[in-house]
Structure formats: C-alpha cells, structure tokens
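Residue numbers (the numbering used here), protein chains in the order written: chain A, 1 to 619; chain B, 1 to 352; chain C, 1 to 311.
Just so you know, the hints here were simulated from the structure itself, not pulled from any lab data. The reader is advised that the hints may include incorrect statements.
[Claimed, not checked] Dumping the calculated SDA-like pairs for lysine to any residue here, alpha-carbon to alpha-carbon at most 25 Å:
#1 159(B) x 135(C)
#2 159(B) x 33(C)
#3 38(C) x 153(B)
#4 100(B) x 190(A)
#5 38(C) x 167(B)
#6 225(A) x 208(B)
#7 159(B) x 196(C)
#8 225(A) x 158(A)
#9 193(A) x 167(B)
#10 38(C) x 157(B)
#11 148(B) x 39(C)
#12 193(A) x 122(B)
#13 38(C) x 97(B)
#14 193(A) x 97(B)
Here's the letter readout for the chains.
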Amino acid sequence: MLRNGRAGLRRLAVVTAAGLVATMAAAFGGVSTATAADGDPVIFRVGMLQDVDSLNPYKGITAAAYEMWALTYDSLTKYGAADFAPEPNLAESWDTSDDGLTWTYNLVQNASFSDGTPLTSEDVVYSFERVINGKVEKTNWGSYVKQIESVTATDDFTVVMQLKKVTPLMERLSVPIVPKHLWEQVDENEVRKYPNEPDSTPPGSIGSGPFILTQAQEGQFYTFKTNPNYWGEAPKIDGVEFQFFRNADAMVQALESGEIDFADDLDANVFAALEGQPNIEARSSVYYGFNYLTFNAGAQLVDGTPIGTGHPSLKDPQVRLAIHYAVDKEALVSRTLDGRGSVGTSIIPPLYPEHYEPEDPVTYDVDMANQILDDAGYTKGADGIRTMPDGTNPLVYQLYARQNSETSQTTIKFLQGWLRDIGIDSTADTVSENRLYEIAGEGTFDMYEWGWIVEPDPDYQVSTFTCDQMSYEWKDGTIYAGLNDAFYCNDEYDRLYTEQSTEIDRDKRTAIVMEMEKMAYDANAYIVTEYYDYLQAYRSDRFTGFVPQPDPDGAILFQYGIYSYLNIEPVTADTGSSASSEGSNAGLIVGGAIAAAALIGIVAWFATRGRRSSDADVE
Amino acid sequence: MALRDVAAHEFPESGPEAGLREPSAKATKGGLARFTGRRLLAAAGTLVWVLLANFFLFRLLPGDPAARYRGVRNIDPAELARIREELSAPMWNQFVGYLKDPLQLSGISSWKGEPVWDLVGGRFWPTIVLLGTSTIIATVVGVWIGIKAGWNRGGRFDKASTGVTLLFYATPEFWLGLILILLFSTGVWIFPGVFPSRGVIDSGLDPLSIAGIQSIAFHTVLPATALAVVYLAEYSLIMRASMVDELGQDYLTTARAKGLMDRLVRRRHAVPNASLPTITLIFLNLGFVIGGAITVETVFSYPGLGLLTFEAVSQNDLALMQALFLIFSVSILVFNVIADVLIAAIDPRIRV
Amino acid sequence: MSLDEQVSAEPAKVESVRAVSRQRRRASRRRFVAAFSKQRGGVAGVVLLAFFVATALLAPLLFPSDMLDVTRTISNPANAPPSSEFWLGTDENGRSILALLAWGARISLTVGISASIITMIIGTLVGIGSGHFGGWFGALLERLTDWFLVLPFIPLVIVLASVLNSRGVWVMVAVLGVTSWPGTARLVRAQTLSVEGRPYLERAKVLGDSNWQQMTRHVLPNVMPLVLANTTLTVAIVILSETTLGFLGLGDPFTDSWGTMLDRASASGAASTGAWWYLLPPGFCVILVVLAFTLIGRALEVVLNPRLGER
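Please take these sequences and the hints and turn them into a complete structure.
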C-alpha cells in the first residue's frame, strides 16, 4: 500500500502540472477577449427587476414592457421632462375648435418606420381605430379613446378627431402609432398570441421610435440598436440592452463588476451599500407611487348588495380614524424604505400639482386612538380586546400581506403590533397578488396592504373611489373586483368625478380633484402610509447626461418618457469599459484554467493508473 | 432522501430486504427483453396515472388568472369575459378539453400570453446543461470518494470523508448557492469574486460559438457545484456502503488469496458489483435533482425549467405549471424505467 | 441474562407470562441502549439534537417574545453586524438574529417531527397493507405507492403549498407529511414481505390469527424498529424541504423559521452587502439539525439491523 501511495502521489503531481501548463497555454492563446476599443459600439446596459411580459403593446401590462414600447413607438404627444406638461411628439402642433369637440393634429413629415415605410396620417388613423374598435387593444389604451367618436385623415400629415364629449385627455394621447401595413395582418384573433418580436410573422417591433429591437430573449435580455433614420434628434449612443435580474443582489453585483451600466428600482438596503462607492452614482428620486392600507368599509356590489366577511366595526368612520392614529408612518418609512421616502397623506403624490396636503394631518398618537375608540363605545373586554358597543363581536381582524413584497409583509407585521396597542386582535396571512385581488373583490378581508403608481393625469387614480368601481357579479355567480378596494361610495364624490373629467381649465380641474382627495382623506378610505422614493444607480464613469422627470429630483429612467436614452453619452469610451473587460478576462482565464486543470488532472489520474496496472496484470 | 429510496428499490444485496425475492414482480422466467417489456407496460400504466394527477392537481388551484389586469383600466368587458369563460368552465368540460390535449401543446400561458411550449422550449437546454454537468461532477467525485473510503474502511480518509460527506448531505443546496455567490462572485476576504452570479450566457453570444460555450461554462460552474455537492455526498455514501458490502464477499477473499493486487481486485470485481446501487441511485436521482434544480436556478437566476416552474407558480399560470409538471413526472418515469432495466441488465438474478 | 438464568435464579417465584415478557423487553432495551452508545455518530447526533431541542424549549425564556415584535424593536439598528449587544447582529427590522434563530428552532423541529409522524403513520399503514394483503388490494396499494413516487417531490410540494391559500405552519406540516410517505411505505412493504416469509407467521395464520392480529402482533413489532430509523431520516428531509419552501417564499413570513430568515436575508441583499451574519447562521443551524437526525438515523439502522453493522 505504501508503495502504491507514493507512486500515486508522484503521478498525480506530474499529471496535474502538465494539465495546468497545457490549460494555461490554451487559455491565454485561445480565449477570445472582448476588449472595448475606440470605434466599438456604445451600448447602454440597463438592469431591471421586472420582466417584460409581452412586447405586444396590446397585450403586455408591466412597466418594463411600457419602457420597451416607449423606445420603439412614438405617440402624438409626450409628457414634458420638466413637469409632465404636454409637449409635441409626432404631432408637431395641434388645434382645437371652440367647443372643444374637434381636434386637429399636424404630424411631422419626415417620420418613417424602421422598415423604411414613411409614417403618415393613415397609420395614425389606423392606430386609433384599432383601439376604438378593438377588444384586447382597449386594455391599455381604451381610456384615452373613450370620448373619441371618429378619427380621419384629411391629408397625408393631418389627422382630425371628433369627440362625443369634451375631455382634457386630448393632449395626453399616449396611444402608440403602429405601422398599418404590418398590423393589419394581425387580426383580432391573432393579436392575443402575436409576440411582436423581430422574428415573428409579420416582423414585429417595427416602430418610428429612436431605437429598434434587434433581439428579445424572454426572461434574460432585450437588445436595441439606434434607429439611423429617426425623425427626431439622434441619440448619442449606439444601442440599449435590458437585462432582467431576479434579485437585487445579483443586479447590484453586475453593476459593480461593470456587467451593466444602470440598475433600476433598488431596495433601500443595497442602495445604501452603493452610496459612496467610486464610479457609481446612487440616486434617490421622488416618485409617483404610494403604499397604502385599505379597510373593508362595507364591501358591496355595484348594485348595493353587501358581500364578504368584513368586520362591522370598520364601517364606522371613527374606528378607521382611530386606526389611522395608531399607525406610526415615520417608523414605516424608516424601516421599510430606510428613510427614503415620506409619510403618506392623500392619493395623489406630492410631486404632482394636484396633490392635496391636509392642513391638520393625522399623526401617530396611540392615546388619541384609544380615546376615540373609548368614546365611540368600543369598550375593552376582560382580555383587553375591544368589542362592538353592544358587547358582542370582539374586534379581531383578518389582515393580508402580499407574498412578493418585503414592504408589504413588514407593514402588516407592524400593523399587528399597533392594533394590539389599541385593543384590536388580528390574524395575518400572506397571499399572492392574484389571490389578493380575488379576496379584495369578494370582501373577505378586513385590512390589507398594497400600492399604486399614479399617472400624471389624475383621472385614473381618482376614479378608483367611484361607486361603479366596486365589485360586480358575473353571470356564473362569481364576484370580481373592480378598482375600488376601499368600497368607498359617495354620491357627491361621483358627481365631482364627472365634473373634472370634462373640465378643460387646468386650475379649475385641479381644484375639483383636490376636493375629491380631501373627501377621501377625511373619510379615511385608505391609510396612505408612505410615498416611496425610486432608487436607481448607474456607473458615473461610463455615462453622463441623464434627464430627470420631473426636474430636478425625478426618476432618470422608466419615466413617462425616454429623455435619458436620447440624451446620455459615454464619459470616455476607453477607460470604463476596458477596465471591466480586463476584469472579466482575468476571471475567465483563472476560472477556466483551474476548472480545466482539475478536470484534466482527474481524467489523467484514472487513465495513467489503468495503464500501469495492465502491466502488472496477473489473472 | 434517495438513500432510503435506493434501499427500498428492491436492491437485493444490501439494506433490510437483502436476500428477499419479490414474488409478484419476478414470478416468471424470462430474458432481458421480456423484463423490459413488462417494465414498459407498467410504465404505461403509471403514465396514465401521471396524466390524471396532472389534471386534478391543478384544478385545485384557486386564483383569478385574469387578475393580472388589475390596475389597467377599461379592459373590454367582452375580452375579460372571454378570458374568464375559458378558465372557469365546469370541471367536466375542462377535463374533456384536457384529454384532447394532455400535453398542453396548444395551451396559452396566462402569464405571458404566449403558447406554453414556446416558453418551455427555450428553457430546456440550460437545465440539461446544469443537470448534466452537476451529475457528472457528483458522480465522478462522489464515486471516487466512496470507493476510496470503502476500500480502506476505518482509515483516516474514510473517517474524514464520511464526516465531510454527511455534512454536505445535510446542506440545503440553495444556501450553498448563496454562499458560493458570496465567496466566488461577490468575493469576500481571500476569496476571489470571479464567477458570474446569474444567467447562463452573456448577452449577444451565440450559444454554439466558442465564446458562447466558454460563457456558458463560466456561468454554470457555481450552480452546478451547488447542485452537485449534495448528490456527491449521497453517491459517495452509497458507493462506500456497497463497497464495504462487497468486501465481505467470498470471491474477493479468494481473489486476494490468489495474490491479486488490491487495486486490480478493486477495479475488476468489487467496483462493478458495488456500482449497482450507485447506478440505480444516479438514475433515480435524476428525477429528484430536478427539485434541487428549482432552488439553485432561482438563486442563480439560471434560466432553465426549474426557474420557470417557480415563476409559473408565482404567477398562478395554470397551463405552464401543468406542462412543466408533466415534463418532470415523465422524466422521473423514464429514468426509473432506465434504472430498472440497467439493474436487470447488470444483475441477471433480478430478471428471474 | 437469558430467560433461563432468570428463572433458575429465583426458583421460588412463578413468573407470569406478562412479567417475563416485560423483563425481556427491559433487557432488550438495555441491549439497545448499550449497542447505540457504541455508535459514535449516533451519540454525537443525540447530543447535537439535545442542544437544539433545549434551545427550542428555552427560547421563550432566553429571548422573550417581545424581541421578535417589530413594533418593539424600532429603536434597534437595522442590519447591524455582530456587536456586544447583538451577538449575531440584527435583521432588517432591528430584531436580534440570535433570538430569531432560537425561535426558528421551534418551527423547524415542530414541522420536522410532526410531518414525519404523519409520514410514518401513512407509510406504515400502506406499507404493511400492501405487503400483507395479496390480490387486488395489496397490488392497488403497491401501485399507489409507486405512482406517488413518480410525482416529482419538490415541484409537488411547491404546487400544494401554493394551492392551499393559508400559509400557516400546520399547512406546511400537512403538505410535507402527505408527500413524503411513499419512501417509508416502500421500505415497510419490503420488510413486511420479509417478515411474512418467516415460519412463525405461517404458524400464526394456521392457528387462526386474523389479519389484523397478524399485522399488529407480529408484523408491526418487527417492522417498527426499521420504521423508526427511517422516520428519523425522514425528519431530516422534511426539515430541508421546509427550509426550501420558506426560502422560496412559500412559507409563513409571520412565523420566523430558518427558511424564511434565509428568504429575507436574500431579499435584503445579504449576499451582496456581505451580511454574512444573516446568511450563515440559519444555514448552519439547518445543517446541524439535519446532520443530527441523519447521524441518529444511521446509527439506529446499524443497531437494529446487525448486518449493516459491519460497516
């Protein structure tokens, strides 16, 4: 045995050394290194945590998908970078009749699609009619065309729209203008399955926008190159690549190692780790989203039929007010956002001019909360849990948090503790968003946590508290949710909603919207817990020239526009990129060499042993 | 997990049922062909069960698949109705529809709106690369350790390796994945952060090009290691156990007495016989490794079938989940059949 | 001491059958303990397990439940590295990780043991049933076992966990218990067949013992030791599965288990911020507990099946 052992070791050493040498030679010789040099295309690589669900603008709904469409297609108008004000896009000017029912848009004359076909008013008419007459097309774009009666092309570059009723949305038409000659080959039955990718039939993602989709790898990456024939000002980069990451960890590492240039929608934790790192600009921007807690304030169907299992105490506005006083929003901002955000009040976030700031906002005051409940007659039982004024039905709530959100679960954990402080018991469960949507519709909850992202135009957001957005019953008896998950229903509110939807005067409309927000706030329909900042980070040694929306603190990517993509330029082509590729080259060589050497070593070990023993074969 | 399953898989030379002859399965005499035939027939029956299970399991799933449209206003009521109608037909109608197309070849994913098999198709090769690589690593290293430990039972190597392998066996593979990322991707202390922590290939590379293959290899090192370590432990423990069993066999004493070199005896006699349970285990495990692949692929964002499974579950995508579940079940079935036929081929006693 | 020696030592006493068998059992228990204590691995496993069981039981005393209440830890630093105040640092809500670990032991052990008991019961019933009964019933049970084994374990567990809307601990127990029994059933079936081949069972049949009596009086006692060894190993697998489910976000985030701790560690970017104090301890705990059960299970196998003892 001893003899074999020594011989074996020697053999192993020789073999491994040989293997290493061989591999090193191969590695240095054969590995193709991708060093960036002058003249290499400048690609802006973005990491995102949400995947594109579909590149078909009539099918997808994720924010990532919207970003892709924004690069590919143009719309008539756009939201200004400074303050979301309407600005010309494909429509270089427009005009309206005195009664506001006729709108005329004048198109730019040099726009063309990426397959060379010129963009004319026919394409615009087609794009709008597709939505107006379509079914699945209405999902994303229906609200813009609600009041449009007809769309006609009076000449090659002029479009006229007739309205049924006056609406302020005519300067906000985000409907993507698609090439008629291609999309008319996709009929209403096929549109549901049409992926709209470059290799689809007919070829997809052909738009007039500044970038052209060249490769789409679902769940991995999406590659764009700059449109050489873009009608507007040419971008200063050669292409964009979006990479999808499933966790923030991996994305941050990719940013640090230089695999990507931009990391979007970061967690507060990893964001803190990035701050102060050389060559990385970590940017916290004000955003138009908010998180909230909602109450089951009397779940009912649109026709008034009560549904669900909500606790009766929540119908009492005093109870909701008391709970509002028991919520420590500062603690939530501190714990869930790491301080990056602000305490929530109304449903239109502060960065929009329509935001309503209450003069006397509800603060964190446990004593006040207890006081209100005592005064309202919800006395505590022997076990410290309050009951209804008549002594029955102890206040035990069913709470829900969302499975895929840390913030949601943390908020509910906090809520449980706070409710206990005011004599309310609770059980909490975590469910998927799909399931929560069901629960919300059926009213089988007492409170849960969710969030909204608010568009620049307030119409959509304030519509969520209208009576006809409550749950409705389908013909098979199933109950489905509308958008009104607070079950807030008030005739005056509804009247104001109709009023603002036909008010053209900006100031008058803002006043009406603010009044609506005040009503909802005073009724404690939601507890808006926090307005969260949007955390992004990028390689400041690679790219510069990002454009925030709104100015100066807004998000620089994934905006209501594509300003950054059009404006950024490389800092210096060489230094940044070659440093990283050196890094990855070294890694490739070292890693490859080790792995290969080990493998060769093992294989050689077995092989040489076999040969030796056959010499001594005595059978 | 499969330690127990191997012992229970009617391997006659070790485990509690040693020396046991299964009357029902082995009643008839016959060659390998007949055995294979019978085995395939049994497999067909199991396949029927698998199809049934696949259907009912997923009908238990709640959730309004149309719910992903929340927050998007003005969906055309007719479109919403169509989606709902399709997905909430009475159970019997759905079952009949299922039987017409059990493979869900025409199924549409409710998550992406694309045909299910389009999504699945693109995810096959990364999983095959991952499973193949990790199985090779686990087998080569595990078997080597097992042989060495079993041959010199009680020696230092044996004690050390048994301890280490038991430790590996107890490790959750996703946690190991996270640690590997920490050490070899982020890089802490003396550990270099050289390996990528996500994906299977750098963007823009053709998977069949040299650069592409290098990139794939580079991306696969950490996930394959994480996956391999647990099964390596199992294989080495089983190999060692069956080596020890073999060592007690008479014919080996005879061979040694004849003066044959240890190593020869080991290679020519002990190893092949001791390999039987390991081979069985490898094939049986190919089914279970799929489960491990789900978590490893999730940790490493490795775009294979495992990750797709997790995404499908998160998104309540009925059609996609069904297709994936079927793929996994059929794989396990196929590998079980292969394992049984292999055993029968190697050990004629079993066919009888 | 053999029975004969016992009897001859006290000739004046008339030993009842009951007393005799009781003494026999006591003697065999002593033998068992003696044999087990020779298994160094098994003893190590027992010690390790005892440590975790003690931690689980003492957790409420050592770490009052307030320490896990997020509303009470607001003033603690979040994501803090180990310090004199927090030996293992804090999580993203300022809660002591050491406290979370201790309470997590309760979950892991509870789920592991409960689910394994379910597995043991179902597996034993099906296994004995399919081994004892011939004909269509036995074959049916055997087919059932095989069919369940074909379904992929983790995907099955994931699907079931997401199907059942409640994410409570007992749902987890039910899911894991119901999916893990086939392995045990197979083992029990094989052992049943082996036992039933023995002569004395033939005699029992001839003497008129009913099926039930045969199964409970003869098969079951012979099968149980192996089942116990197997169940111990099952606990190991159940704990690993429960941790996996927790990590994938299918566990109950309102009860802090090691798996959900790892999920939150990963979600809060521990691997890239280098928060090793959040990432390593839960994993180590899982490894140690699983190792403990594996060692004990292996030792039990060796003790209960002397043939394996030659290893």
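Here's how the hints hold up against the structure:
Restraint check: the Cα-Cα separation between residue 159(B) and residue 135(C) comes to about 47 Å, which exceeds 25 Å; the hinted pair is violated. Between residue 159(B) and residue 33(C) the CA atoms are separated by roughly 24 Å; this keeps the pair inside 25 Å, and the hint holds. Between residue 38(C) and residue 153(B), the direct Cα distance comes to roughly 17 Å. Compliance with the 25 Å bound is thereby established for this hinted pair. Our distance criterion of 25 Å between C-alpha atoms is met by residue 100(B) and residue 190(A), whose separation comes to about 22 Å.
With a CA separation close to 21 Å, the supplied pair residue 38(C) and residue 167(B) stays within the 25 Å bound. Annotation: proposed proximity of residue 225(A) to residue 208(B) holds, straight-line Cα distance about 23 Å (limit 25 Å). Distance check on the hinted pair: residue 159(B) and residue 196(C) sit about 38 Å apart at the alpha-carbon level, beyond 25 Å; violated. As the CA atoms of residue 225(A) and residue 158(A) are separated by approximately 30 Å, the hinted pair breaks the 25 Å bound.
Between residue 193(A) and residue 167(B), the direct Cα distance comes to roughly 49 Å. Violation of the 25 Å bound is thereby established for this hinted pair. For the hint pairing residue 38(C) with residue 157(B), the CA-to-CA distance comes to about 21 Å; that is within 25 Å, so the pair holds. Proximity of residue 148(B) to residue 39(C) is assessed by CA-CA distance (about 22 Å); at most 25 Å being required, the pair is judged to hold. For the hint linking residue 193(A) to residue 122(B), the alpha-carbon distance of about 17 Å falls within 25 Å, and the restraint holds.
For the given pair, residue 38(C) sits about 61 Å from residue 97(B) by alpha-carbon distance, which is inconsistent with the 25 Å threshold. A C-alpha spacing of about 20 Å is found between residue 193(A) and residue 97(B), which places the hinted pair at or below 25 Å, so the restraint holds.
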